[in-house]
Each structure stands twice: as C-alpha cells, then as structure tokens.
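Going down the list, the sequences are from chains H and L.
Under numbering that gives the first Met the number 0, the first residue of the first sequence carries the number 0, and numbering increases by one thereafter.
Under numbering that gives the first Met the number 0, the first residue of the second sequence carries the number 0, and numbering increases by one thereafter.
If a hint is listed, it holds; no wrong ones were tucked in.
25 Å max Cα-Cα, derived SDA-like pairs, lysine to any residue:
#1 L/Lys321 with H/Val230
#2 L/Lys242 with L/Pro216
#3 H/Lys101 with H/Lys242
#4 L/Lys101 with L/Asp123
#5 H/Lys242 with L/Phe245
#6 L/Lys242 with H/Glu227
#7 L/Lys242 with H/Asn251
#8 L/Lys242 with H/Arg262
#9 L/Lys65 with H/Arg233
#10 L/Lys321 with H/Gln229
#11 H/Lys65 with L/Glu149
#12 L/Lys331 with L/Ala309
#13 L/Lys168 with L/Asp297
#14 L/Lys242 with H/Val243
#15 H/Lys101 with H/Glu172
#16 L/Lys168 with L/Tyr302
#17 H/Lys168 with H/Pro342
#18 H/Lys242 with H/Gly153
#19 L/Lys242 with H/Val260
#20 L/Lys168 with L/Phe97
#21 H/Lys101 with H/Pro170
#22 H/Lys321 with L/Gly232
Looking from chain L toward chain H, a few residues come up when the C-beta cut is under 8 Å (computed):
#23 Pro215
#24 Ala235
#25 Asp250
#26 Pro253
#27 Ser283
In short, the hints are calculated from the structure, not lab data.
Built from N, CA and C at the ideal position, the CB exists for glycine as well.
Protein chains: 2
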Amino acid sequence: MNATPIATRMSRRRWLAAALLSVVLAACAPLPPGAAGTDPLPSWNAGPAKQRIIDFVRAVSTEGSKDYVAPAERVAVFDNDGTLWTEYPMYTQMLFVFDRIKALAPQHPQWQQQEPFKSALAGDLRGALAGGEQAIAQLVLAAQSGMSTEAFEGQVRRWIGQAQDPRFKRPYETLSYQPMHEVLWYLRASGFTTYIVSGGSQAFMRAFADRVYGIPPERVIGTRQQLEFQVRGRNAELLLLPKVDFVNDGDNKPVAIDAGVGRRPIAAFGNSDGDVPMLQYTTSGPGLRLGMLVHHDDAQREYAYDRASAIGRLSQGLDLYKTWGWTLISMKNDWKTVFDPLP
Amino acid sequence: MNATPIATRMSRRRWLAAALLSVVLAACAPLPPGAAGTDPLPSWNAGPAKQRIIDFVRAVSTEGSKDYVAPAERVAVFDNDGTLWTEYPMYTQMLFVFDRIKALAPQHPQWQQQEPFKSALAGDLRGALAGGEQAIAQLVLAAQSGMSTEAFEGQVRRWIGQAQDPRFKRPYETLSYQPMHEVLWYLRASGFTTYIVSGGSQAFMRAFADRVYGIPPERVIGTRQQLEFQVRGRNAELLLLPKVDFVNDGDNKPVAIDAGVGRRPIAAFGNSDGDVPMLQYTTSGPGLRLGMLVHHDDAQREYAYDRASAIGRLSQGLDLYKTWGWTLISMKNDWKTVFDPLP
Chain H
0 MNATPIATRM SRRRWLAAAL LSVVLAACAP LPPGAAGTDP LPSWNAGPAK QRIIDFVRAV
60 STEGSKDYVA PAERVAVFDN DGTLWTEYPM YTQMLFVFDR IKALAPQHPQ WQQQEPFKSA
120 LAGDLRGALA GGEQAIAQLV LAAQSGMSTE AFEGQVRRWI GQAQDPRFKR PYETLSYQPM
180 HEVLWYLRAS GFTTYIVSGG SQAFMRAFAD RVYGIPPERV IGTRQQLEFQ VRGRNAELLL
240 LPKVDFVNDG DNKPVAIDAG VGRRPIAAFG NSDGDVPMLQ YTTSGPGLRL GMLVHHDDAQ
300 REYAYDRASA IGRLSQGLDL YKTWGWTLIS MKNDWKTVFD PLP
Chain L
0 MNATPIATRM SRRRWLAAAL LSVVLAACAP LPPGAAGTDP LPSWNAGPAK QRIIDFVRAV
60 STEGSKDYVA PAERVAVFDN DGTLWTEYPM YTQMLFVFDR IKALAPQHPQ WQQQEPFKSA
120 LAGDLRGALA GGEQAIAQLV LAAQSGMSTE AFEGQVRRWI GQAQDPRFKR PYETLSYQPM
180 HEVLWYLRAS GFTTYIVSGG SQAFMRAFAD RVYGIPPERV IGTRQQLEFQ VRGRNAELLL
240 LPKVDFVNDG DNKPVAIDAG VGRRPIAAFG NSDGDVPMLQ YTTSGPGLRL GMLVHHDDAQ
300 REYAYDRASA IGRLSQGLDL YKTWGWTLIS MKNDWKTVFD PLP
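Make a model of the complete structure from these sequences and hints.
This is the structure we're talking about:
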C-alpha cells in the first residue's frame with residue numbers, strides 16, 4: 000500500500016523534466032512567445048480546458064488572491080471509471096467479476112442453466128448484462144462475497160497484475176489517463192487532497208488506487224456491500240456479504256462525500272450523468288469552484304460515446320454544463336496523449 | 000475548521016515545556032535516577048498504562064525495530080464520549096438536543112403532552128430517556144433535522160461556545176481529558192493518523208473535533224442520519240432527514256472503520272462495551288497492537304461507573320480485557336490531572 004505509485008512516479012518524472020527544461024531554456028535565451036514556463040500539464044494541448052484548470056489552481060492556492068482557499072479545504076473529487084481510466088466497452092471491475100464467476104463455477108453447477116451466470120460463463124458479456132442493474136448486482140455479489148475484505152483485496156491485486164485488455168494489449172491499470180495523472184499530481188503539489196468518488200466497489204478500487212493514482216485507501220469512496228463483523232477465538236474479521244449496502248452513484252455521491260470527507264469539495268471531475276450531482280454539490284458552494292466533465296469523443300485513440308451509451312451515458316451533463324459553468328474536456332482535442340507509454 | 004486546536008495548542012505547549020526542561024536538566028547535571036527524559040505524557044502517573052503506550056509507540060515508530068510499522072499504517076482510533084471527554088451523567092450531545100427541543104417547542108405544541116418531549120421540556124432528563132434508545136432517537140431526530148449539514152454544524156458551534164456544565168462550571172469542550180490530549184498529540188508527533196470513531200452524531204462531533212482534538216472532519220466517524228440531496232436553481236445542498244442511517248456503535252464500529260479508513264487500525268482507545276468490537280478488530284491484526292479502555296473509577300475528580308451504568312456501561316470489556324491483552328486505564332491512579340486547567 001505504501002510503495003510510490005507507478006503512475007505518479009511516471010508523471011512526476013515528466014513533470015520534473017518539464018520544470019527542468021523550462022529552467023534550462025530560461026537560462027539560455029529569452030523564451031519565445033507562447034512557450035510555457037513550467038507546464039504542470041504537459042500531456043494537455045493548449046485550450047480552454049487546460050487553461051481553466053491552471054487558472055483555478057493558481058487562484059485558490061496563491062496567498063493574497065481574492066479566491067484563496069486554505070489547504071485543508073482544497074478538496075478535489077474524481078470519478079474513476081471513464082474519468083481516470085477506460086470504462087468502455089465494459090467496466091474493468093465487471094471483467095474481474097466475469098473471471099471470478101468462471102473460477103467459482105465448478106462450485107455452482109446450477110449457474111450453467113441460470114442467467115445471468117449462463118451467459119457470463121459462455122463469454123457473452125453483453126448477454127450477461129441484458130438484465131441491467133439487477134444482473135450486474137447478482138454477478139458482483141456472487142463474485143465478491145464470503146471472504147474478508149483483506150482477502151478480497153489480495154484477489155483483486157493478483158488479477159489486475161495479470162489481466163490484459165484485448166484491444167490495447169496492456170494491463171488494465173495502464174489504461175488510466177496520463178493527462179488525469181498530471182491533474183492529480185498538479186493538484187496535490189498545489190496543496191489539494193484528492194479523493195476517488197466512484198460507482199465501483201470500494202474494496203475493488205482500494206486494491207490499486209494507491210499504486211496507480213497515489214490515492215490511499217482512506218480517500219477511496221465507492222459502492223459498498225454489507226459487512227459482517229465476526230469473532231472466532233482471538234481473531235476478528237469483516238466478511239463481505241452478498242448484499243448491497245450503498246450504491247455510490249448519482250444523488251448518493253454527495254451523500255458519500257459528506258460521510259467520508261465532511262467538507263464540500265472545491266473541484267470535481269466526472270464523465271457521466273452519475274457524476275452530475277457531485278458536480279452540482281461541488282460547484283454551488285461559495286467562492287471559486289471547478290467542475291469538469293471528460294467527454295469521450297476519440298474513437299481512434301480510445302472510444303467515442305455519450306448520450307446513447309449504456310456504459311457511461313453523458314446526456315444530462317451535456318444539457319447542464321453551460322448553465323452550471325462546467326467545462327467539457329474533449330479527449331480528442333484537449334489531450335496530447337491518452338495513455339502513458341508503457342515502461 | 001483550520002485554526003490551531005485550542006487543546007492541542009495547550010498540550011503542545013506543555014509537551015514542548017517538558018522537552019525543553021529535560022534538555023536544560025541534561026545540560027546542567029546528570030539526571031537523577033527515575034527522572035524522565037522527554038516525557039511525552041506529563042499528565043500521566045508512572046505505571047503500566049503509561050508505560051504500555053510509550054513502549055508501543057516507540058516499537059512501531061523506530062526504524063529497524065522488529066515491530067516497525069510504516070507511517071501510512073499507523074492508524075489509531077478513539078471513541079469520544081467517556082474516552083476523550085466526559086459523558087456522565089448525560090452525553091453532551093443530549094444536552095444540546097434538550098436545548099434544541101426547548102427552542103423548537105413553540106412550533107410543536109403537541110410536545111407538551113407527548114413523551115419523551117414532555118419530560119424533556121419539563122427538565123426531567125432521566126424521565127425523557129426512560130424510553131431507552133427509541134426515546135433518544137426520537138429526541139435527536141426531532142432536534143437535528145430539516146436543515147443542511149452545514150447549517151447544523153453552525154448551530155452546534157454556537158451552542159458549544161456558550162453552554163456550561165453545572166458541576167464543573169466550565170464549557171463542555173473543556174471537559175475533555177488532558178491525558179488523552181497528550182496521547183493524541185504524542186501519537187501524531189510519532190507519525191500516527193488519529194480518528195474519532197464514536198456513537199455521537201458525525202455532524203455534531205465534526206463541529207468541534209478539529210478545534211478541540213486537532214482531528215479534522217474527514218477523520219471523524221460517527222452515527223449518521225439519512226441525507227437528502229436537494230437542488231434548487233443553481234444551489235445544491237444536503238438536508239438532514241429525521242431518519243437514522245447508521246448507528247456507529249458495537250459491531251458497527253469496525254464496519255465504519257472499513258468504510259472510512261480502509262486500513263485496520265493498530266491502536267484503539269475506548270471506555271465502554273460499545274467499543275469492544277473496535278478493540279477486537281484492532282488488536283487481532285498481525286504485528287504489535289494496542290488496545291486500551293479508560294476505566295471511570297474517580298468519583299472525586301470525575302465520575303465512577305462501570306458494569307451497572309446505563310451510560311457508558313463497561314462490563315463485557317472488564318470480562319475480556321485480560322484475554323485480549325488490553326490495558327485498563329485507571330482514571331484515579333493513572334491520571335495526574337483529568338481536565339486541562341482553564342486558560
């Protein structure tokens with residue numbers, strides 16, 4: 000849990016390189032107009048999205064600025080799926096769940112005849128999810144129950160170290176977005192505390208969020224299953240039960256932020272309609288606020304989807320963003336690179 | 000929220016004074032045998048409780064020690080009522096609730112004839128609580144609903160700045176225990192993160208925990224009411240509803256620690272049977288662990304109660320503490336002072 004996060008290490012290296020380069024350039028000759036000094040977001044193209052982030056961070060972190068915010072109140076919240084890493088054509092957690100269902104199938108012969116398990120075992124992922132949220136819940140709860148929270152995180156860690164994305168031919172955790180790593184790093188370097196507030200299972204995300212995003216378990220807020228406290232002799236554990244306790248999406252996201260943070264964030268990043276309430280909560284507090292939505296409009300380098308998609312639908316967000324003063328991030332135009340180059 | 004905590008400031012001053020004194024003594028003459036070097040817990044009498052805390056902190060924070068624990072995993076959890084401040088003869092939060100009920104009574108004429116409100120309005124606190132947990136919940140929910148979480152915290156802050164304890168003739172927040180302030184300060188100075196995990200309302204405790212204990216809102220875990228996310232025009236708020244969402248006591252304390260911390264603590268301090276599961280969870284992890292129970296045995300300086308008390312009953316804890324390797328803190332024998340002198 001305490002190793003330096005891979006991705007942060009990578010973005011820090013780049014970030015330092017950019018900073019050093021600008022010092023060297025400054026020492027050698029007057030900078031050409033338009034050449035950035037220290038560019039905190041080197042994977043972003045110049046444009047309104049990049050500018051908005053930089054202006055916001057400078058305004059709230061410059062002492063004496065009329066928009067100055069004390070460090071303890073500099074809280075930024077991030078959705079995970081589709082905002083920090085790829086969620087399309089299927090949430091990564093569901094791919095873990097499908098693999099677990101296959102591994103558990105011999106103990107559950109009835110699954111061969113019973114949906115959504117039958118389709119899942121036949122490799123028909125779309126078919127398995129035809130039953131909507133109820134089917135998803137059935138699969139997730141069957142795959143993620145009957146063990147301690149600590150044993151479960153170990154399972155996720157082993158899986159995520161091995162599984163590969165078929166299109167990009169790389170481990171899932173390297174399908175996180177380099178430009179967003181830079182935002183996380185830039186915010187933390189500017190005194191912010193960064194949280195994940197996402198619909199994924201809290202225990203699933205905690206297994207990699209520290210290493211991949213530099214976000215420790217206590218700042219990962221997600222969907223929760225019921226837990227049972229169990230004491231046997233001198234040993235006490237928390238067991239994951241096959242029941243949903245809290246779905247961290249939509250109106251529940253601000254509620255979860257109150258429970259786990261207890262301060263209204265001043266910056267929020269999302270990508271789907273499930274993030275709209277979190278952005279509304281964040282950006283209606285007093286003072287300068289930042290709300291941003293990643294718009295998946297890049298079929299070539301990643302995927303293009305919004306209003307009509309079952310995964311990561313962005314429709315209400317597109318209707319509301321102007322009124323609320325949020326900024327769309329165009330993956331196609333605003334991001335110089337999407338994924339970090341593999342080491 | 001960001002001012003230096005009063006109590007921490009006081010304990011820090013003492014702590015620095017003790018440290019400086021030891022340096023001066025060391026410079027002047029050889030220390031007499033038994034004279035402490037830097038005493039991190041000056042309000043504690045020498046004895047097994049004090050020694051256990053110091054030995055534990057040194058073992059887990061000394062690099063190269065076989066019991067060394069990385070700073071990120073140095074998590075310590077504290078119950079609040081009866082562990083960090085006085086809870087007897089009535090939880091401070093209930094005194095706030097009674098005052099709110101009185102203030103709200105003109106809008107609720109039916110309360111004059113209806114228990115538990117009738118007794119509460121007549122000043123008969125014991126009578127008001129005769130209905131047990133259900134009566135407590137009725138009063139709390141009536142007093143703490145229909146406003147935003149932020150407005151509620153403002154109310155608590157105003158109340159706690161004015162209300163006085165009738166026996167000790169001092170504000171309630173100064174009825175926190177000086178020896179426990181020193182433990183909080185000593186742990187944080189040794190790289191620990193300290194959390195409150197208490198049965199009090201989360202929103203109530205957050206209103207003063209930062210100032211009084213140096214524990215910021217994101218590290219205060221408590222009982223929660225249901226919240227409603229409400230958007231009006233360009234404004235979004237969380238409203239406190241008159242429904243209990245989560246009672247943070249007993250078996251629920253480890254569950255809440257998983258939700259809000261995501262790491263198993265290595266040290267836990269409590270005082271009642273409602274803290275036993277939290278101590279079991281904490282002290283059954285691998286490596287060195289610390290479990291401690293404050294035993295209220297000091298009727299003269301505070302109160303004496305344990306097995307037979309309705310408030311803060313300690314019975315199962317007295318049966319189990321030896322088997323589980325926990326240490327009792329005798330308020331009478333282990334604490335040199337109980338409350339910090341008023342400024």
